[in-house]
Structures are given as C-alpha cells and as structure tokens.
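My request is simple: use the sequences and hints to build the entire structure.
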Amino acid sequence: MTFQGFWRPDGRVGTRNHVLVLPLSPAVSSTASLVCFQVSGSVGVELHQDIDPGVEGFALAVRTFRGWIDHPNVYATVIVAYSADDPVVEAVTANLPETVRFEVAAFDRAGGRRKAEANAREAAQRFVHESQTMTRRPAGLEHLLLATECGGSDACSGLSANPSLGYASDLVIGYGGTSILAETTELIGAERLLAERAVTPTVSQAVWHTVSHAEQAAMRMGVDFRGGQPAPGNMAGGITTIEEKSLGCVHKGGSSPVTDVIDYAERPRTHGLVIMDTPGHDVMQFVGMVAGGAQIIVFTTGRGTPTGASIVPVIKVSTRTALKRSLPDLIDFDAGPIIDGFLTVEEVGRALLRKIIAVANGERVAAEQFGHREFGIFQGWGAAMP
Amino acid sequence: MNAIRLTRWREDQKVRLGISYAGDRALWPVDDAFPGIQTVASLVDCCRSLEAEVDTWAREMLETRSTRVSVPLTEMVIPVDLSELWACGATYAQSRQLETQTGHDIYAQVYHATRPEIFFKAPGPRVVGPNATVGLRRDATWHVPEPELTVILDDRGSFFGITVGNDMTARDLEAMNPLYLPQAKMFHHSASIGPSIVLASTVDWTHLSITLEVWRQGERVMHDITDTSRLRRSVAELVHAVQHEWPLAPWTGIMTGTGIVPPDEFALEEGDEIHITVPEVGTLVNVAQRIDPSWADVARGPTRVLQIDPRDTVAVSLGELTSGQTVTIGARLVKVNQAIPFGHKVALTKMEIGDWVIKYGERIGTASGPIAPGDHVHTHNLESYRGRGDRGNTDGGELS
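Going down the list, the protein sequences come from chains A and B.
Counting along the first sequence from 1, when you hit position 346 you're at 346 in our numbering, and nothing is skipped either side.
Counting along the second sequence from 1, when you hit position 99 you're at 99 in our numbering, and nothing is skipped either side.
Calculated from the structure, these hints are not laboratory results.
Where a beta carbon is used, it is the ideal one built from N, C-alpha and C, also for glycine.
Watch out, some of these pointers could steer you wrong.
What the hints assert, rightly or not - So, partial list: chain B residues that the calculated Cβ filter (under 10 Å) puts toward chain A:
no., residue
1, R137
2, A140
3, T141
4, R216
5, E219
6, G271
7, L306
8, I308
9, L318
10, F342
11, K345
12, V357
13, G361
14, V377
15, H378
The structure is reproduced here in structure tokens:
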C-alpha cells in the first residue's frame, strides 16, 4: 500500500508541501501572520506564549520549533524574529541539517518593521515559487507517521471512533508505518494495558514512569483532576471518571506492541506504536506530535472541534452520526454506524485507512479548508495544568 | 444535425415537458401548445396519432414555434418514468481490472466473453432524477458513483433516446464476494438518471464524452473523463442481451457500464455532490446521503444496552432509557430505576460505597454511594480513584 507524497532529502516523505512563516515571539506574531496572508501558498501560526531561555520548558519550546522547521510537510520556513541575535533564534536554528531550508527575517537586522516584513514576504514568495516545482511520488506506508488524538470524548468514543482509529493504526503499523499515542493524563488508569504490550521491560517501565510522573505532578500541586478531567462536556456525555475516560481513549492505540516512549516533540526512534508524553490539551498535543514529524493526525471527537495544525492535515472523526449531521463541514469521517449496529469496528477501521491515504495524497480536510492554524507549546509537567 | 433534448421540470407543483436543441438554454414548452402532453410517453402517443416521427415533429415545432422558457437546473426532474432499469458491467477496457483481489479474473473473463454481465438495477419508480439524493448504505463504507451512458427504450422496445445514469455501487461489498453484487448495486436511491433525454436519431452515441466530478464542501475531490468510443459492446448487443429472454416492459432503461473507476482511496461521503456531464445531455447532479432510518427501516429495534466486557458491573445505554423499563443486557434482565440518557451507565450489580466499578474490564473508580442494579451510575454515586491530589492516592496505578 502506498501514498503519493513529497520526498525530502533526508528520506522522509511529506503529505503536504508547505512554506511555513514562523514567528519566534508574540511581538512579531502579527507581522508573520500578515506575511502569511499576503503570500498565497504559505501557512503560519499565531504565537501567544513567551519563549525565553529563563522560562520553564525552554528546551521543549526549542525542540518544538526545530521539529516544525525540519518537518517533512514543510518545503522551507521563513522565521520572523525581533532580533537576529535573539538566543531563541540561535537555539532554534543551530545545527539544523543542511538540507533544511529556512531564512530569518529579523526587525533589527532588516532595519525596521516594514523592511523585515518585506524581506519575509520576498523570501516566502521565492520559497513558494520553488516549492511548486516539486511533484508527488509514491511512498510506502513505512514512511507514514500517524498521530492519534481525541478531544471532547463522549460515551461512544471508546466504542466507535477510538477503536476504529486503533484498528487503522494497527493496519498502518502492519504496513511498516508508525503511530503515536499521546495524552499522558488520559492514560491514567489504562497504563497497565499499555505496559503489558511493551516490547521490552525498559519500555514497560517507561510507560509506568511517564504516566506516574504526570499524575505525581498533579498530586504535588494538590490538584484534583476531577475539575478538568473528565471535562464537563465529557460528563454530560456520560463519562464519570478519569479512569473511564482513559480506558476509552487508549483504544485509539489499537492492539500493537508499544515499541517506545518518547518525550514531548521528540522524533520517534522506532517504527510501530510509540507513546509520546504530552498533555491532554488538544492544541499542545498536536503541536508536539507535529514536531515529532507526524504527517497525518486523526482526531476523534464526541463533541466536534474546528482546530487544526497549519502544516499537517487533521482528520476529524465523529463518534456518532448525529454529530456528523450537526457539524457536516467540521467532521471529515463518521464512525457512528458502529453505534447504530450497521458496521463493525474493523470495517470502519479499514474505511478510515482509505480516508487517511486519500488525505495523505492531498485531499484537503475541513481544518485546512478553513485555514486553522492553532499553536501552543507544552511547558512541562512542572509548569502546566493537565 | 442538432441533437434534440426532452426535459421535464417542476413548476407551480406541476411537472412540465419541454423540447430544445442540445446546448440551448431555452426550451419550447410542449404543454403550453398541447396541454395533454406532459410526459415523454404521451408525446410519443401524440406523434403516433399524427403518423409523425418524434424527431421530425420536434424539429418542426422548434423551427415554427417561438415560445421559449428558461428552466433553472435545480427544478429539473427525472425525464422519463421508467418501468424497469437494467445495468451492465465490464463493458470498458480495464474498467475493473483491480476491482477485487480475488475476483478480477472474473471481470476480465466477462470483458472478453460473448455473454455480457447484465443485472437488474431497480424498478422504475425507485429510480431518482436530477437534484435528488442518492443513497449510501449504512452497512458499507466504500461507495462510488458509476457514470454511464443510459439507453431508453420506448413502449415497443425501440431505441428511443439516451441519458446520463449514475449506477451507485458499494465497492466493499462487491469486492468481498461476487455473490454480494446485488447488495452492492441495489439499495435505496442507488440509481439516478437525467437531466434530459436526447432523441437517439439525433445523436451519435458512440462518441460521447462522459465527465465525472465529485465536490465535497465546495472542493472538487475527484474528476475523470471517458468516452463512449471505448465501450467494447454495442448498444444493440446489450439491448439484445437484456430482452431476448425477458420481454421488455414498456419504457425500460439500460445502463451500459462504467468507463470510470475512481482510485482505490476514493470513497463517497455524505453530502458529496456528484456531477456527471455528457455535453449533449447536460449535467446530472445528485447529493450523496446515508440512507436514513425514516426512509427505510421497517422498525427500530429495542434500545441497545451494551456490556462491553463480561466482567463489567455497569453497561452503556445506546438510547434513552425510562424509569421502570426492563432491558436485556447479555443474558440478564435489568429493571431500570431512573431515566438514563444516551451514553450513560446503568448498574448491573449491587455495589456498596468504596466498591470498585468495572467497565472495559478495568476499574474506572469507586462507588461513592450505594448502587442497586438498574441505577443510573454517574458523578452522584461514582468517583475517580486516580488523579486525586486532594486524597494523595498514589497506589492506584498498581492494579492487580
């Protein structure tokens, strides 16, 4: 089984061929957005977080930015910064592989805001022009890194959308591909199931350790997860406890062996099912998985959500047909026939893999059509609420 | 020679009939001058009583009558009331080469054989026209439109005209086993034809382009083009194959097979707009819609209540349960004590405060109030054990 993608010099394959306009501080975010809107064919993000060598989680932020710049879906990046000598710029661009194409537009070096904007626009236009010479070529699924996510879980998440995503994920892994399972707070209560599937005792220990670390962080702060987990919307849908939510969520990892546990925004070192340590926050989670190199995200939902990553398509999967019907232009795929008893998890899982291939080949998802570009970086368990 | 089209449309709750040259937007409304002629069949009867050929008569009217109306595409309806619709397969080179992994040999065999593949598609009244919804089976995941030149035979079995047809197909069922072909082909609203009929004597149907486009949320997600010159079998051969052992019913349609098979990763989704264009006939537009229970179900079954794992002490309601209702869950009968909304849990066993509550075969928390079988189990009587900074439960990860 193959998809049609953009081959990069490092052997990875993109499902998109974007030119990314990336601001490195909130102060230059509006400039970057302006450039992005002016240059047809470029995409960007809005940055609201201060990134500073002094703050908690600086290393995570740097790794995240580097992962986005050195991403198979990105042809080239225009970095917008205030100062060319900014330590953030230095940390983000130092020792990137030679094949990674980027340019920095800095206010101070350009000689002001207008000139920096013009430089960024000129670079983005040039990159877009160059990127259009690339064409899609076939690639095996061993080149696919699938990211899984769920948000707005309802009582059907664990019965329809998540198990069918799990089945699709197992199929991708069966073809030699890789799948990321994340949302550490939503693994609480389900870690035994995952640890038992670990390929080595070390990986098994890492599963226990990662989940317990997130849980302990909350304990230290005296936080009762019940305030946020399950969320009020989850509860209205019939989910009562964090354990119940987790057991439904973990189905989206299918039944494949767990081959590794990696940190936020890290690139997987192995094929197969990989657990990434991320918070449950939807945007921070997919931003981390994108930084890890994921080229497709499948997001299951019982309530719907418009969010999307600018450089990676996010396929929204509804748990029930009623949701697909009420939000027809936000949901890309419906797992509801399982609840209605018409289709099995395996049948819907196979259909979802077909959808994944179609989107990998270039079919645009709802979040792309509406130009979603949400962005947020996890700052670590010491700093963040679950 | 200009091709002549017959078109029907809805106006003021009436269905009207018009004649035009292919490509002209304006129609001559037949029923204005001849109020009794509102259908193709009545037009044919009228011409017979005048001992005129339909094409000659239509051309004369178009040349001598000056009344014209323009009809919005969205008001067009099925151009002819058929009694039966038949369909053919494996009539284009390679159209099905990769149709199934186990079955592609049988498609190749049929393609080369003397006997064509013929199947019954739908009784006439079940065929839909332009702007109607076409169905997606609820028990299949991989539907494709099949755009086909469709032949219309009159009440004497003569080749009357051509139109565009959409032979909706569930490819997953077709690929599963050839014996499932009828289910892959016949379901609610699985056939549409239109928007117009072109008189057979006024068009060369052996050289028509057929274009398929599928639009999803305003974006074109699939397009392909073929030509009827690639059709391996003649129309006469296909008509003969249908009729030689089956005396034709008056006004029969025959779909002649598809020359376009979308790529394997393409599947229709609910809301997709399917546009099939043959320039001489016009564009047949239909919207895909999952078959709705209100169309097709004889009766909804009882509300399902699902026990996911045999060890579970709670089950999930996949419907709205009312107080006092008795439901079957696996082998047991449970009387429901309170109203339980969709997706919420119902207790299967008696649980005391502090007892584990089990779902998915795993602990999902402890009872915070006494629970009787049939009780609604939610935040009022069940709480998390894990993630509780307020209690300092740190042993919860070590489930035995």
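Consistency of the hints with the structure:
At a threshold of 10 Å, the smallest CB-CB gap from B:R137 to chain A is about 8 Å, leaving the interface hint in force. At about 8 Å, the closest approach between the beta carbon of B:A140 and any beta carbon in chain A falls short of 10 Å, and the interface hint on this residue holds. The interface hint given for B:T141 is met, as the beta carbon of that residue sits about 3 Å from the closest beta carbon of chain A, less than 10 Å. For B:R216, the interface hint holds, the least distance from its beta-carbon to any beta-carbon of chain A being 8 Å, beneath 10 Å.
Annotation: interface hint on B:E219 holds; nearest CB of chain A at approximately 6 Å, less than 10 Å. Interface hint at B:G271: satisfied, since its Cβ lies 5 Å from the closest Cβ of chain A, which is below the 10 Å cut-off. Checking B:L306 against chain A: minimum C-beta separation of about 7 Å stays under 10 Å; hint holds. At its closest, the beta carbon of B:I308 sits 7 Å from a beta carbon of chain A; the interface hint therefore holds under the 10 Å criterion.
Because the smallest distance between the Cβ of B:L318 and any Cβ of chain A comes to about 6 Å, under 10 Å, the interface hint for this residue holds. Look at B:F342: its Cβ gets to within about 7 Å of chain A, closer than 10 Å, so that hint holds up. Residue-level restraint check for B:K345 holds (minimum Cβ-Cβ distance to chain A is 7 Å; threshold 10 Å). Proximity of B:V357 to chain A holds as hinted, the smallest CB-CB distance being about 8 Å (cut-off 10 Å).
The criterion of a C-beta within 10 Å of any C-beta in chain A is met by B:G361, whose closest approach is roughly 9 Å, and the hint holds. Restraint check, B:V377 versus chain A: the minimum CB separation of about 7 Å is within 10 Å; hint holds. Evaluation of the B:H378 hint against chain A yields a held restraint, the C-beta minimum of about 5 Å falling below 10 Å.
Violated hints for the displayed structure: none, as all numbered hints are satisfied.
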